[in-house]
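Visitor: Listed below are the residues making up each chain.
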Amino acid sequence: MPEAIRFALAIAAKDIRAELRSKTALLSALVFAALVLVVFNFARDPTVLAASDLAPSVLWVTFALAAIVALNRAFNIERENAALDGLLLAPVSREALFVGKMLANLAFVGTVELVTLPLFTLFFNVNLGRALPGILGVTALATIGFVAVGTIFSAMAVRTRFAELMLPVLLLPFMVPPLIGAVQVTSRLLAARPLSEMWGWVRLLALYDIVFVTLCVLTFSAVVDE
Amino acid sequence: MNASNAALEPARRLVRRGLTLSLLGLVGLAGVYVLALGFTPIEARQGLAQKIFYLHVPAAWSALLAFSLVGLASILYLWLRDPRLDRFAAASANAGVAFSAVMLTTGPIWAKPIWGTWWTWDARLTLTLFLFLLFVGYLALRAAVHDPSERARFSAVVGILGMLLVPFIHLSVYLFRTLHPQPIVLKPSAPSLPPEMLRTLLISFTVFTVLYLGFVMTRYGLMLAEELQEEARDAA
Amino acid sequence: MPSHDGAFLLEARGLHRSFGRVRILHGIDLSLGPGEALAVIGPNGAGKTTLLRLLAGLMRPTAGEVRLLGQPLGRGNHHARRAVGFLSHQSLLYDDLTLLENLTLAARLYLLERPVEVARTALDAAGLADRAGELPRRLSRGLIQRAALARSTLHDPRVLLLDEPFTGLDAMASSRLRDDLQARLSKGLGLVLVTHNLSDAWELASRLAVLIHGRWAADEPRSGTLEAFLPRYQRLAGA
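Residue numbers (our numbering), protein chains in the order written: chain A, 1 to 226; chain B, 1 to 236; chain C, 1 to 239.
Hints listed in this document are in silico derivations from the structure and should not be mistaken for laboratory results. It should be emphasised that the depicted structure is a prediction, and the values quoted were computed from it without experimental measurement. C-beta atoms are modelled at their ideal positions from N, C-alpha and C, and glycine is treated no differently. A portion of the hints provided could be inaccurate.
Said to hold, decoys possible - With beta-carbon atoms standing in for the labels, derived distance ranges:
| # | chain 1 | residue 1 | chain 2 | residue 2 | range |
| --- | --- | --- | --- | --- | --- |
| 1 | C | 183 | A | 17 | 28 to 34 Å |
| 2 | B | 9 | A | 24 | 53 to 59 Å |
| 3 | B | 167 | C | 198 | 55 to 61 Å |
| 4 | A | 24 | C | 14 | 43 to 49 Å |
| 5 | A | 95 | C | 237 | 31 to 37 Å |
| 6 | A | 76 | C | 221 | 41 to 47 Å |
| 7 | A | 43 | C | 168 | 51 to 57 Å |
| 8 | C | 213 | B | 10 | 23 to 29 Å |
Claimed, not checked - Quick list of in silico lysine to aspartate or glutamate cross-link-like pairs, DMTMM-like style, CA-CA up to 25 Å:
| # | chain 1 | residue 1 | chain 2 | residue 2 |
| --- | --- | --- | --- | --- |
| 9 | A | 23 | C | 203 |
| 10 | C | 187 | C | 117 |
| 11 | C | 187 | C | 200 |
| 12 | C | 187 | C | 203 |
| 13 | A | 23 | C | 95 |
| 14 | A | 23 | A | 85 |
So that you can see chain A by itself, here it is in the shape it has in the complex (with noise of 0.2 Å):
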């Protein structure tokens, strides 16, 4: 396995461990999630709004916040005693360190979206039946996109004062291509639309993530190296 593989693979595995130990920042993301789709169900009139007009919406509020609560730990976790300078000194590419801290955040972002699902169709009673691979590579495809972004954007929040608010503004405006391609095959695929009537939005979400995923990695070295 090529050695920026191997490295990158140990950085993720390093950050999965450690967050199984001590758990804060996925259970905070789950329990966000929750109240988000509990305080959703009671926002809304039931006779005036059927679920299936919300649901696609709801669904990927409530991930885009979550994301946000789970992105924050990214590179939090390496301020503790300068850990990011022992990442910094081995003998391995910045881009390989990025893709390691991305597949992190992917794997625990990917865990609050896999949790938050069965909870949505709980809440929501809504029935995803046919359209589920359809949606899980769609949350899929949105994922990829705005967490590339949000791990690059955690690394420079996590050295300013306010990183948990420096986060959110920084990353917003980034999370609404995803977010909108997302919601509209996510509503076409609820309603067992054709394919064609989405394509469109799939490819924006493809290219997103393509064009995105590269600049990250390019420009990572420019935020870690001093």
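For chain A, the structure is supplied; the task is to place chains B and C on it using the hints.
Guide: The following block gives chains B and C in isolation, referenced to the frame of chain A:
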């Protein structure tokens, strides 16, 4: 100890020139007002309220220009690491946030009489809203990072990422509109503009560009002066 | 400069570090051979930590070059970092991972074969075998520094960079660290030690360099006693 007058002179010169240009721009702006209200025909369908178009469009354009230059300066900064590029990017962002704020306040003023609503998600307003949010984020990050070298690097990355976000916002809005056609068709920038309207519009574009340059120069000069003062204080 | 075949472990030529007009380091040159221990001393704000971070590849110089075993440190040449180890007053350990897990991670970061074995061996050598399953937050400062030293040397670096490593250590732990470093020096390791407290480093150093306002004010072999050197140092620092 403060920086000597001689040391501050280049910064002061920039500020003076910038203020002059800005003043010129503001005078020009007043001229555009007069031109638009007095010497340009009233648009048949939208009436008097359409005139805000002569401010609305160039302001949005200036915000976009400001942002593109932030992006460009950011790329050049990461390559050349010249602090002047970073200073220019910050100055441009300051100009951009002002222009986009202007646009976001004039936009609803225009929309209300024409469409009966304060806000529409039309392409230009939406884009300018995003530019505004990106500028605010950019400036907030700059305010939160104290080390100048780190601040420059971080801003540059945000500038580059932001510059590439803009086409995606545009694409999203476009895709959305083709699938959800709005009941009201919006075509203020139709090519079939009578020559007086075109003339006023072009003059307005020029005025806004002058305003942009004046603003950026002034801000750049002020930032430079501040840095020189700090240096002098540290050296003491 | 000690005489050897001229193959320096670590070399720096014309190192500058500044942003815009603010200069931190002005044209620093440095060379380090095997078995040499260079103590870099100077008042706060002189640029010592900056210099060390430049030598470790954690910071980019504005101008100039650092070479590790002849390889230039810089963009795209991350392999060169293999030759250097870094020990600071921060442990670089993760509080949520055990000592063994921390060192295994370090072994993986350095792309070593059989990382768990390497980690165990390093912990044994540091006398921490019985603490392998403990979390750093349960350990005393002295033990943490021992673990940090083990972490920074498990990939067998040729050069060790130390940033105020004696901070917070009691007399016994300091003495143990000094012995550890001395043993490595005699095996051919090169050392650059940054400290503001000369008495910690005096015995260890083979050379002394004084950094004042980003420039070398002195660079000479260690000789005589600390008491004799101090007044000279105070004069240089006060200037």
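Visitor: None of the hints should be skipped; say for each whether it holds.
Guide: Against the structure, the hints:
Between residue 183 of chain C and residue 17 of chain A the C-beta distance comes to about 33 Å, which sits within the given range of 28 to 34 Å. Judged by the Cβ atoms, the range 53 to 59 Å given for residue 9 of chain B and residue 24 of chain A holds: they are separated by roughly 55 Å. The hinted range of 55 to 61 Å is satisfied by residue 167 of chain B and residue 198 of chain C, whose Cβ atoms lie roughly 59 Å apart. At about 47 Å, the beta-carbon gap between residue 24 of chain A and residue 14 of chain C stays in the expected band of 43 to 49 Å.
A beta carbon spacing of about 42 Å between residue 95 of chain A and residue 237 of chain C contradicts the range 31 to 37 Å that was offered as a hint. In this structure the supplied range 41 to 47 Å holds for residue 76 of chain A paired with residue 221 of chain C, their Cβ-Cβ distance being about 45 Å. In this structure, residue 43 of chain A and residue 168 of chain C meet the distance hint of 51 to 57 Å, their C-beta atoms being roughly 53 Å apart. In this structure, residue 213 of chain C and residue 10 of chain B meet the distance hint of 23 to 29 Å, their C-beta atoms being roughly 26 Å apart.
Only pairs whose Cα atoms come within 25 Å are accepted, and residue 23 of chain A paired with residue 203 of chain C is rejected, the gap being roughly 46 Å. In summary, the hint linking residue 187 of chain C to residue 117 of chain C is supported, as the alpha carbons are separated by about 22 Å, within the 25 Å threshold. Taken as a hint, the residue 187 of chain C and residue 200 of chain C pair is honoured in the structure, with Cα atoms around 21 Å apart against an allowance of 25 Å. Distance hint between residue 187 of chain C and residue 203 of chain C is fulfilled; the C-alpha atoms sit about 17 Å from each other, no more than 25 Å.
For the suggested pair residue 23 of chain A and residue 95 of chain C, the alpha carbons sit about 13 Å apart, so the restraint of at most 25 Å is met. Simply put, residue 23 of chain A and residue 85 of chain A have alpha-carbon atoms about 24 Å apart, close enough for the 25 Å limit, and the pair holds.
Consistency note: the structure conflicts with the earlier hints numbered 5 and 9.
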